[in-house]
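Student: So the chains spell out like this:
There are 2 protein chains.
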Amino acid sequence: MQIIMLSGGSGTRLWPLSNDARSKQFLKFLPVEGSEERESMVQRVVRQIHESGLDAGLTVATAACQRDAIEAQLGRGVDVVTEPERRKTMPAICLAAEYLAREKGCADDETVVVIPCDPFTGEGYFEAVRRMAECVEGNVADLMLMGITPTYPSAKYGYVVPEYATGRHGAFMVRRFVEKPAVDVAERLIAEHALWSGGVFAFRLGYLLRIARRYVDCPTFEGVREHFDEYPAISFDYGVVEHEASMAVVPFGGEWRDLGTWLTLTDELRHSTYGNVITDGRQNNTHIINELEIPLMCIGTSDLVIAASPDGILVSEKNRSEDIKLYADRLKARPMFEERRWGWYKVIDQVEFPDGYCALTKQLTVNPGCALSYQQHACRDEVWTFIQGSGEIVLNGERRPVKRGDTVFIPKGSRHALRADTLLTFIEVQSGSNLVEEDITRFPYDW
Amino acid sequence: MQIIMLSGGSGTRLWPLSNDARSKQFLKFLPVEGSEERESMVQRVVRQIHESGLDAGLTVATAACQRDAIEAQLGRGVDVVTEPERRKTMPAICLAAEYLAREKGCADDETVVVIPCDPFTGEGYFEAVRRMAECVEGNVADLMLMGITPTYPSAKYGYVVPEYATGRHGAFMVRRFVEKPAVDVAERLIAEHALWSGGVFAFRLGYLLRIARRYVDCPTFEGVREHFDEYPAISFDYGVVEHEASMAVVPFGGEWRDLGTWLTLTDELRHSTYGNVITDGRQNNTHIINELEIPLMCIGTSDLVIAASPDGILVSEKNRSEDIKLYADRLKARPMFEERRWGWYKVIDQVEFPDGYCALTKQLTVNPGCALSYQQHACRDEVWTFIQGSGEIVLNGERRPVKRGDTVFIPKGSRHALRADTLLTFIEVQSGSNLVEEDITRFPYDW
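Here the protein sequences come in this chain order: A and B. Here my numbering is used: the first residue of the first sequence is 1, the next is one more, and so on. Here my numbering is used: the first residue of the second sequence is 1, the next is one more, and so on.
Because the hints were derived from the structure by calculation, they are not lab data. Every residue gets a Cβ at the ideal spot worked out from N, C-alpha and C, and that includes glycine.
Covered, in the sense of this in silico footprint (three residues per stretch, anywhere, with C-beta under 8 Å from a C-beta of chain A), are these stretches of chain B: (1) 349–361; (2) 403–409.
Far from chain A by the CB rule (all over 10 Å, computed), these chain B residues: (3) I49; (4) H50; (5) L58; (6) V185; (7) E192; (8) C218; (9) P232; (10) G239; (11) E244; (12) A378; (13) D439.
Pulled out of the complex, with its shape left as it was, chain A reads as follows (with noise of 0.2 Å):
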């Protein structure tokens, strides 16, 4: 068994905390039970896969932009299928049965899960995962979807009407599906004990690739990768769940809750402020995250978000959360906080004269035993004065080692990598005429 972890999506909807590189699957929020620390949502899933005693190898599809944090929040033993564009989740999951197949070497006759990170499950979610993979083992349909019980006639989720007079495996064939249907349709099919969709997948590896591969077939892995733009840009349940005949519902009653806006996150926090918060007291259900290094002062107050981060500052009366996504999308603005491989950074101030010249500060942190790129700006020259810990600078070839109170000027078009020792802290000062990320070449350096 294969379980596929879809961790893709934009991140705009719980702005400013999440950007397109941290999206909100990645947000440490969510309290661990019985302990002070807290986890992201993706790191909660597969802790739960852990602990539900599944036998299941794990392969985690992504956006390019988010290999990074998947492996700093994940570490680097996890499958990881990059998606070299967003493109929904029909491509995602095909490009993610064309690695099992083709980089894993799983067989078509494999039974394969996919599955969200962003719904909040509680017990038995798992039980009922289970239950989906031995019901494609037993074959009682192509296609095995999870049927969560409607709270409300919702215009964003899939709706499953089970034929419940036929039962097997704890699953009922399925009589119809319809795709986020407008909201007097919903209450009609509620009324007709149809379930939500759940967002999760099972079915045999084959079954899927039969369907992939009218789109794109290549012999290789990197082959497939390539022409990914050729996959419809759909979500599975428009390309694939709406045209199936042989589909079978799990329903599953338990804990299951969206924490895709700040209303639904807010009512799993354990605590009202985090960071730097000073308040009167007088708050009526408002929660306030501050993740700056200034003070946030609120007094009074009813029924808010309040949120600050590198990449803004959010007050949102919590009911009208829905609506960040549509003002957040039109923010062009690069990200201000990124987690990487290496450490993170943020950016601490940003200038640009009239004249096109910019200047971009940042505070970067590399783990120890991590290491920069051997990379050359073609644009930009660099600063870097280091505050804490210590590590080894490659400039030109020439290797140093830099500690604490050391400066280090390296000008455009030279080539530089930087490897940590201990935690290392740097301030770095780039100016030059087109600061983007993308201006960087990277070189192999052998340390």
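Assemble chain B onto chain A, guided by the hints.
Tutor: Just chain B now, kept in the frame of chain A:
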């Protein structure tokens, strides 16, 4: 005639836009009629004095830490008296009176008018000031007050009960003065047709010198200033007005509003948002001011004031905005933004490591022709990276040009100065064991 403008006061009521070095009177929020420009309270008062045609010398009495802000806003031509420490209004007025006598050579019979800088006043205000001065010259009383028509029984003003039967020069003798009464007493005073004291006082210089010299009597102004701590630390209302028998009041019935809190200040603003602000257009009685470069997004919300600056972020119900001071006073943080005589700086990053080592990163802008003093730090290294403009630095006696793209390392103990030829911006990374503004030794340097 001499005018003393009081511009002291700590800045926490309008936190985070005001701080110890940038009090509310320096915030440039007030619309200038017939223009898109904005001006600060001190700039507005000085402009109004000029426009009123009063033939008067102007002296600004302020705290030492605000001298740079005064000069940045009013230019260097203004006479400024700086109090060595904050000690309320009576010591401030005594010191300014000694300055007029000892430094400006004013005679004992010179008419002096003391005006505050924080009320927002309309037409006719300076006509009332002129009438107060005329009353002093006509010997109506030893001390003249300005009376404002009360709008509610406030406990934060002084109340003047006039002898309405005895008008002269448009003034009335004062029967009684009560400083900051309880609300029920204020109600009874208003029923007696009492007026608020507007904090404007007029007298002959000799009158005040006789009072001041009861506490400090020195032949030189510098001598007086050295003994500043011997004046009682009380307000002019408690120290002088409450005990004076010969007082008259000039009523002023025009526009007069105390801009001391966010609630009252936001009433004067022309726009509801300032700076990098995105909204869904559904704000109800909400004012948003963002002095940071990162975006501030507001979705919905009613009756709030939201303000962000390098010092912090405020989200407050408007009618509770008086409580801000209580909490802001507890924030013992360094100011993160300051206007200086040579330009301005903002702190963009601040880190303290567990071993006490610190790093502080600033963006500084030096105005053309201005210079930082020749100075030395005992406990910190500095790295300057120039990102705009050109000028000259002096490092341990050696002078050389600097321009955009240059980096200078200034190890602890080295003497350094900087002068801007054009508008000069640089990023400064300070690091060391003790990063306080006070770690500075200044030396003369002759450019």
